[in-house]
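Turn these sequences into a full structure, and let the hints guide you.
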Amino acid sequence: MKWTVLWKPRAEGQLARIWLEAEDRQAVRAAADRVDAELSQAPMSVGESRSGGVRVAFATPLGVELEVVEQDRVVYVLSVWRIGTRRKPG
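With the first letter of the sequence shown counted as 1, position 3 gets the number 3 in the working numbering; the numbers rise by one all the way through.
Fair warning: there could be bad hints in the mix.
[Said to hold, decoys possible] Ranges of calculated distance between the beta carbons of each label pair, as one might list FRET restraints:
| hint | residue 1 | residue 2 | range |
| --- | --- | --- | --- |
| 1 | Pro-9 | Gln-71 | 19 to 27 Å |
| 2 | Trp-19 | Ser-49 | 24 to 32 Å |
| 3 | Met-1 | Glu-23 | 34 to 42 Å |
It is worth saying that the hints were derived from the structure and are not from the lab.
A quick note: this is a predicted structure, and the numbers were derived from the prediction, not measured.
C-beta atoms are modelled at their ideal positions from N, C-alpha and C, and glycine is treated no differently.
Written as structure tokens, this is what we have:
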């Protein structure tokens, strides 16, 4: 059974900014697509757990912070950043 993956507006804005500034936009698009595909299949096996029910995952060149709501089978992408350019949003 698939999970619904929803990008919060903040994460969508961050992804758009990363894409606009990227030298390799296809790599950014492919990474975002990988994030969506993996999270829609088995979100609890993606990335690493953090405090407060948050998980962090990586799909080069992106890092994402996400929240899994198991009872609703929904995954929220909370924020996204380009790996190696700055620390994870906190």
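Open item on the list: 24 to 32 Å was suggested as the range; check whether the CB atoms of Trp-19 and Ser-49 agree with it.
Closed with: Since Trp-19 and Ser-49 have Cβ atoms about 28 Å apart, the given range 24 to 32 Å holds.
Task: Range hint compliance [Cβ, Met-1 to Glu-23, 34 to 42 Å] - done: Given a distance of about 38 Å, which is inside 34 to 42 Å, the answer is holds.
- [ ] State, for the Cβ atoms of Pro-9 and Gln-71, whether the hinted interval 19 to 27 Å holds or is violated.
- [x] About 23 Å separates the Cβ atoms of Pro-9 and Gln-71, which means 19 to 27 Å holds.
In terms of the numbered hints stated before, the structure departs from none.
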